[in-house]
Amino acid sequence: MILQAVISTVKKVIDAYPIIGDIEAVTPFAAIDVKQKPFFTKNGICGYSNTAEIIIVHQGLSVVMQKSEEVKTVVAAMAGTIDQTEIENVRFIEEEQSFDEKSQCYINLIQYQINSKNQ
Amino acid sequence: MGNKVLGYNIGLKLGTKKILGTTQDNFKIEGVRKESIMKADAGIKQYDNDGSRASFSVTAFVMKKAVAEADVMDIQDIRQACAQNSQAAFVYGGEAAGDYTVSGNAMFLSCAETSDSENYATVTIELEMIGDPVFGTVGA
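Chains as they are written, first to last, in the working numbering: chain G, 559 to 677; chain U, 450 to 589.
Derived from the structure by calculation, the hints contain no laboratory data. Treat the hints with care, as some may be off.
List of simulated lysine-lysine pairs, DSS-like, C-alpha gap at most 27 Å [to be verified]: (1) G:Lys-595 - U:Lys-453; (2) G:Lys-675 - G:Lys-595; (3) U:Lys-462 - G:Lys-675; (4) U:Lys-466 - U:Lys-477; (5) U:Lys-467 - U:Lys-514; (6) G:Lys-600 - U:Lys-453; (7) G:Lys-600 - U:Lys-466; (8) G:Lys-570 - G:Lys-593; (9) U:Lys-514 - G:Lys-600; (10) U:Lys-513 - G:Lys-600; (11) U:Lys-514 - G:Lys-675; (12) G:Lys-630 - G:Lys-569; (13) U:Lys-453 - U:Lys-467; (14) G:Lys-675 - U:Lys-467; (15) G:Lys-600 - U:Lys-477; (16) G:Lys-600 - U:Lys-462; (17) G:Lys-600 - U:Lys-467; (18) G:Lys-595 - U:Lys-467; (19) G:Lys-595 - U:Lys-514; (20) U:Lys-453 - G:Lys-675.
This one's a predicted model, so the numbers in the text were calculated from it and none came from an experiment.
Could you build all of it, start to finish, from the sequences and the hints given here?
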């Protein structure tokens, strides 16, 4: 599955978790969500377009940005088969920084489009 | 009450091949009208049918076929067919028993490709029917 592929890739540089409910983790960490949409042809599905959102969280902005660069490097290099998902190409979409008052943490939201042959 | 037909159950086959990566087929058929007027028509124009014309517009992903895929046309096959105005027997419609079909001969007219910086490239292929159509039913 593509979510596992992204998580295992990001885990090379930072602790990573899927976004399912509240996450209690030691900062810095990454929370990951992937939305998947198939490419339909008349002969069936010929691949998947996956929009991956990777959120980097820490109390310090400089740490967030440093970890973001490391994450961007490993995600951009995703290729071949990772956790049984065959990656076709990876495209950076955008990133956006913010500060969460409740947790007193800086957040960097990085978005990618990852096209894959299978789920 | 009749049944609606799902779009993916209608396809176009050219010879023995389908166009690889097809996402949409547009088919238009129309009668050719011949206008006439005689004095006896008292100023009212008369119309007769003088055959028909039909055309296809197929939208597909730009794809390269695998070596084993002999029953499909990929982008290079399509480019060549359009450049040479190749002709092929076509069957348009469903493949299940009882499905309606239209068949005949078609000529490749053109293909127009779109490739941007973010998405997979697509191609639109235009074909025109040559001669008369045959209306049939699969298995009939």
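Structure-based check of each hint:
no.	hint	in the structure
1	G:Lys-595 - U:Lys-453	holds, 25 Å
2	G:Lys-675 - G:Lys-595	holds, 12 Å
3	U:Lys-462 - G:Lys-675	holds, 25 Å
4	U:Lys-466 - U:Lys-477	holds, 21 Å
5	U:Lys-467 - U:Lys-514	holds, 12 Å
6	G:Lys-600 - U:Lys-453	holds, 17 Å
7	G:Lys-600 - U:Lys-466	holds, 14 Å
8	G:Lys-570 - G:Lys-593	holds, 22 Å
9	U:Lys-514 - G:Lys-600	holds, 15 Å
10	U:Lys-513 - G:Lys-600	holds, 16 Å
11	U:Lys-514 - G:Lys-675	holds, 15 Å
12	G:Lys-630 - G:Lys-569	holds, 12 Å
13	U:Lys-453 - U:Lys-467	holds, 23 Å
14	G:Lys-675 - U:Lys-467	holds, 21 Å
15	G:Lys-600 - U:Lys-477	holds, 19 Å
16	G:Lys-600 - U:Lys-462	holds, 12 Å
17	G:Lys-600 - U:Lys-467	holds, 10 Å
18	G:Lys-595 - U:Lys-467	holds, 24 Å
19	G:Lys-595 - U:Lys-514	holds, 23 Å
20	U:Lys-453 - G:Lys-675	violated, 31 Å
Going through the hint list in order, the structure does not satisfy hint 20, though it satisfies all others.
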